[in-house]
Every structure is written in structure tokens, then in C-alpha cells.
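Chemist: Here are the chains, one letter per residue:
There are 2 protein chains.
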Amino acid sequence: MKKTILLTALVLSGLTSFAQSNDEKNIKLFYKKALTESKAYTWLEYLSNDIGARLSGSQNAQLAVNYTKSQLESLGLDKVYLQEVMVPHWVRGEKESAFILNGKVKTAVPICALGGSVATAKTGLTAEVIEVQGIKELAELGDKVKGKIVFFNRPMNPENVETFISYGACVDQRFAGAKEAAKLGAVGTIVRSMNLRLDDFPHTGAQSYGDLTKEQYIPTAAISTNGAELLSATLKSNPSLKFYFKQSCETLPDVLSYNVIGELTGTVTPENIMVVGGHLDSWDLADGSQDDGAGVVQSMEVVRILKNLNYKPKNTIRVVLFMNEENGGKGGAKYEEVSKQKNENHIFALESDSGGFSPRGFSIEADDANLKKIQGFRDLFEPYLVHSFTIGHAGSDISHLTSKAIVKAGLKPDSQRYFDYHHAANDKFDAVNKRELELGAATMASLVYLLDQTGIEMPKAN
Amino acid sequence: MKKTILLTALVLSGLTSFAQSNDEKNIKLFYKKALTESKAYTWLEYLSNDIGARLSGSQNAQLAVNYTKSQLESLGLDKVYLQEVMVPHWVRGEKESAFILNGKVKTAVPICALGGSVATAKTGLTAEVIEVQGIKELAELGDKVKGKIVFFNRPMNPENVETFISYGACVDQRFAGAKEAAKLGAVGTIVRSMNLRLDDFPHTGAQSYGDLTKEQYIPTAAISTNGAELLSATLKSNPSLKFYFKQSCETLPDVLSYNVIGELTGTVTPENIMVVGGHLDSWDLADGSQDDGAGVVQSMEVVRILKNLNYKPKNTIRVVLFMNEENGGKGGAKYEEVSKQKNENHIFALESDSGGFSPRGFSIEADDANLKKIQGFRDLFEPYLVHSFTIGHAGSDISHLTSKAIVKAGLKPDSQRYFDYHHAANDKFDAVNKRELELGAATMASLVYLLDQTGIEMPKAN
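Taken in sequence, the protein lines are chains A and B.
UniProt numbering numbers the first residue of the first sequence as 1 and each following residue consecutively.
UniProt numbering numbers the first residue of the second sequence as 1 and each following residue consecutively.
If you are wondering where the hints come from, they were derived from the structure by calculation, not from laboratory data.
Everything hinted at is true.
Note: identical chains are not told apart, hence a pair may lie in one copy or across any two.
Okay, derived cross-link-like pairs now, DSS-like style, lysine-lysine, Cα gap no bigger than 30 Å in a straight line: (1) Lys404 / Lys373; (2) Lys28 / Lys136; (3) Lys28 / Lys372; (4) Lys25 / Lys372.
In this text the structure is predicted, and so the values were computed from the model without any measurement.
Just chain A, same shape as in the assembly (with noise of 0.2 Å):
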């Protein structure tokens, strides 16, 4: 007995050790290729350089779909397709521009429209300015904001070795400080860039008016770091100095535009889906290199790797390029409702959109049987300098997708330099670095592989 047990010891520890010696050779060679003979910075600078912002509604978002579609179609995938969506149509018109008014000293700062934002009146709009450091504040000063605009300037807290625990505490200011402040009667808003580097770049980002009645609606706009720390310091020696600003953005009817899809098709359970994206829009100051012209080029970098390995894979693995995370998320929106018509089963969703810096991990929405089953892996991605695999935020585009049992993962770069660029005029190519985002492909495409190979764990039945 004892022998027999032994010998099924030996034989299964030998299997085991030549699945996992077989794992990291398949591994080692999507390195390889991803460092190699990538085409994701190829594809990165044709988005960035030819076609450039993609804001919803906008043509560059357009030439975007057409140019991923077609790249999608040159790799012999299984199936190449666009998915309908309808997406809001938002446009910044002229340059912004912004003083503020100390008696007679009238200094120029760097400012830009809040995505969503009305514009001022064409001549501009003047007033005092209140400082809060959040809506809290806001909230206990009441009536004192009516007539004036509020200087949200609440700073992204320095000490979050993740820096995105420091824009998730901040970024209320900027989504919904505009609505807060107008329901108090005030006239505007103004918001400190989610930026922890102190430059003359304003951010721009989504903001939503909520409830209110197009009446009620307010101008909004980002000022730089620097703007925002010379306006504070001239608020304490003058505060009731004015602030001019004047924008003449407006929120056009909306336009039909595209979710892109790829397909290679499972060999063993093709009705199992596994998700790999990243969104195609981008905001309008810059090419949207980071943000997410490289999690788009990495998604379908994943794909091309493993079609010219000839990988059959047990699941069906779908790259999907999302419209409109930027401004509305009708993109990830309507992904879901249509395979929720359509009843699929998706058991894994990756997203990559926190740039294409080296890549450090994962970010994990799953249970503990599924979490462990990743940390599982964590020797196989020792080599490539990937080690962190915690619960967290997995992304935005895949937050809408529901199954019976679905793991959910985001790549996690490294996050020091993001919010350098983060929806910001300088978010253009040369702020990629061509191995930092080949290594992220090469290391979605592992986690995809792993996955494929193995499955996940389904919940027990009771």
C-alpha cells in the first residue's frame, strides 16, 4: 500500500513538475516575443502620431476603429467584428483661458474645461473665489458660496507608495465637486489637476451634473498644480481677488461609434469566454498614449502572440477594444448587455489601463479560491520581475461584466510616473517606453495563458 501510494506520489510530482517546467517555457517565449518582435509600439505610435486624440464622437475615435479593426483582421484571428454603441459627443472648443485678478494684477494660469462641462458665458465669467479642500468643506460653508466659484484644492496625498489610492481619494472633487457647489448657488468651479508632480499642466477628466436641471448646470475647469498652489498662496494675501476664466465647450447630440472585437475561438469549451482589453477613446489634449492607447496595443499584442504560436486554447479568448471609458463607459455598458443577450459565459475579464509602465503584478477582483490560484503563479512570473498580486480594482471597461463565476483582473504597472500624464497634454508617445510596455504584454499574455490552461475555480455548491 504504502509503495503504491509512493509510486502515485512520484508519477503525479512528475507530472506536476513537467506541467510546470512546460508553463515556464511557454512563458519565457511570450517574453520573448513581446521583446523581441512586438508590434504593440508600432501600433502605439500609428495611434498616437497618425491618428492622435480619440475622444468619443470624434473622428480620431473613428480612424481609431477602423485602424484596430483592420490591424485585428491582418493576424488571422478567428473572427474580427465591431459591436454598435452609442457614445456621448462632448467638444472643448476654442483654448480655455483663466486670470486671476489681485487689484490690479492680472496673472495668466494654465486651466482646461472638465469633460461634460458647460461653457462660461462668451465673454467670460468673473468672480471671488472660495478654497475648500473637498466637498465636505463645501458643505458646511452653505450659503457663503453663492455668486462665487469654488477652488477645490484638495492635493493628491504624496505618501501612497500606489499613487491610485491617492487619485480614488481625490477624484470626487473633480467628478462631482461641480454639482455640489452649484446646488449651494455658487457660479463655478475650479479643481486642483490630479497631478502629484507641481507643472503648469492642467488635467482634464470626466465630471458629472448628476440630478441636476440643465439650468443648474455650472462651468468647470482643472488648473494646473502650479496655478492652483500660486492661487491658494495669493487667496491668503488677497482673499476676495477675482478669478476670470472662460471656456465654450458643449455637449453635442450623440454619435454611433464602435466597441472593436477579436476572437480566437476555444478548441475545448469555446462557450467559456476570456476577456482581454483596453479603451480605445481617449481625451482630447493629447494622443492618449498611456491612457490607454498602450493598454489597447497590449491587449491585441496578447492575441497576435498567441496566434503566431499557433496556441489553441481551451477557452475562447476575445480581445475587446472599448469606446468611451473616458466619458461615459457606454462602451463596457453595452458589451455587457449584449452578452448578457446573447447569455455567454465570461469565466476571466484582464483589462489593462493604468499606463504602459513595467509592469509589477495584478489587480484582483475574485474569491479566495481564485485569488490563491494566482498567487499560485507568482513563481512563474519571478523572472520577469512581477511579484504583486492583490484584491483591488481590476478596471472600469470589465467592472459591468457579471457571469456565474468570473475572475477579474487588471495589469498593475508601475504607477510613480502616471498621473504625470493622466488625461494632460503631454500623454503623447514619447512618454512610452517601448520595453516597459512590451513587458506588459507579455505578462497579460502569461496570466491569459495560465488561466486558459487551468481554468478557474467555481464556487462550491451548497
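Given the coordinates of chain A, assemble chain B onto it according to the supplied hints.
Modeler: Just chain B now, with coordinates in the frame of chain A:
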């Protein structure tokens, strides 16, 4: 008996967890201080933008000595002093020029003389070119290189995730290529820049003629990677093309220079010294912000943080800013020479000379016991995404140091972008991210603190 053991175990585990939590608290404080009030970035800005390139023997190198000494003095350390060292004084002279002469077509390519090279004739040097992939292939060619320019064109291997491995596998072409080619009668050498990207920056670096006589010296230069690709492609279509280059560099008499040293004197065993350092000199083509302004200001920041927290080290903590790492290593050698004369005992040396990128861990030279000890700190570093503690080269300035028992470590930052800048004209202040630099300094301070608190493991007596 059992009860007693249990009680002791509880007490011990209580103590351990108290000590652990104290370390956790202190390390958190180091990172907080680095991320919120560091002087590292301000110091680097001065070194890069106010002083600039700091090649050994130059006036700028002396300005950097003066500046860092005065800054260390302002920190209130127990001692700050200079250590004399004679250093080589090589100067580049006029900007180099080079052309591919392909029949009637003359194409300019970017080159720069390698450090220590001799000049060409004033009218330049023109000769046919033989391309080789390295010194081994050169040796096989023998007499065929006589009268020719040898073109070393082995690229850095993109497959290695750790880019220093690829550098190590290529740099012999640069360091010894001219010497070996001269022995075979070549008239000059051109070396592909040590750069993983394709771009237009030539990357300089040290080279040595070894034991050749001065009459045998031949001029040697680096060519940009794009230039190397062009030269190689053109050679394929026309093997008898000629190459022209002109450079007017020369080696002047040695100059008196200095290592800059500051100390926090130990309060328990001051005779045991822990060194933390980087090198003050840089190449002459740019400001050396990554190589090694970053390491200099991080080392200074380590002692700033400890002093600012009023930390009383058990051992003497000594910051050493070495002179002449780039083209001679005289500062490191002198430091060891003096240390030996004084019969000093070093227990630890930490060098930062791999750039100011996000810290990933340490490259460690230690016996098994001390390696395990450092790896035992892993959990303390995890919140800061510092995860790699492996055996490897610690640093060239501390490579000379020997003691009865010494542990050496090199800060290991993310290495993907390092060779984009290394020894090239783009190694400037804007290549360094403030937060990445600061995180590196905090990581260094944490390891110095942990080893100061716990000591190193002594070799067992036989």
C-alpha cells in the same frame, strides 16, 4: 515544563512582534519623509542644471565637490571632510564628426569619442570598414583588419528583462575593442552604442588600451544605434565603402580631486562602518542625472532622513560621494587604500549607481547567512513594492572594499529605461522622476537602518 516553554515562546513572540512593528513604523517614516520633504530632487536639480556635466578633472567636478560638501555640512552630521585623490583628466575637444562614404554619397552619422581615446589626425581618419560582432570574431579575422576601421556591432540582447545582463554581455567591445583591433593593425574602431533603443544618441564610456605602447593607440568612437544600423546595411550593399571620422580628444596630466565624505558616528560600535554612496563624477555629454547624480543625492538623502529623525546609529554610518567612477575608479580605490591604512572595519557598503528609477530591490554580495538575513526583511519592504533580493554585483566603487566580514549591496531600480540615457547627451534632469528617486532613497535608508539595528552575521570560527 510545557507551561514554561509556552510562556517563553509567547514572551519571545511578543517581543518579536514588538520589534517588528517598530521596524515597520520606522520604515514607514523613512518613506514618508522621502516622499514629502526630501531634498534629493532639489540637490539633483542643482547638480544637473546649475553645475552640469562633471567629468573627472573638470571644473564642474570641483564645483560638485564644493556643493555636496556644503550641503552635507548643512545637515549637521558629526563629520564632513574631503579625501584627496589624483584623477585622470581626459577632454573631448571639438565635437566629433563622421560620415559613411558610399561612392559619391556622403552620409553624416552621430558619433562620440570613447573616454580615454586618442584623437584622429587633424584632417580625420578615412578607411574601409570591417564589421564584427565582437572580439572573438575580430581575432578570427587576423591580418584582414590591417589598415581598416573595425566596426563592433553586437547589439544588446533585448530578451533579458534585467538590462544590465545585456550590457555586461556587450561592453567588452567598447572597453577592449580598440586595444584588440590595434594589435591586429586596425587604424580605428567604431562601436555600436550600448543602448537597447534605436535612436540618434551616441553613448560614450570608458575604454582602455591596456598594455599597448602609446604608438599603438588608435582612435575609437561610439556610433548611435541608428547610425550603426545604417552603416551595417550600407556595408551589406557596398563592402568597400569608406568611413571617415574626426575627433580631437586628449588626455591631460592627472588632477587633484576629492571623495566627499560625511558621517553619523556610531553610538555603540563606532569602529564598525556602514558606507552608503554613489559617484560624483559623470560623463561629459550631459548632466549625468541618472548616472550618477541620482545615486549621489539618494545617498545624501539617507543620512538626511536618519539625522532629521534624530536616529542614533549603533554603527558609524558614512556617506561617500566617490570621484572618478567613470574613467578610472580612482576614488573607490583611494577610499579603500586610506581605509586600510587606518585599519578601519567596514561591515556594510551600499551603492546606488543604476539610476533613480522605481526601486525593485537589492543586488547583494554576501555569504548565505547574510543573504538569508536580508531576504528575511522581505515582508518589511513589501508595502513599498520592493521585492527582489538576489545575489549580484553590488557596485564598482565599493568593489575594492575588503574587511573581515562585509556585506555589500547595490540598489536595484527598474532597469528598462537606464540604457536609454546611459553616458549619452539625454541623461538630463528631466530623465529623473522625483517620486522614483525618493522611493529609492527611502529603500536605501531602510536597509541601512535594518542592518544597523540587527548587525551582520559573522563568519563562524572553524
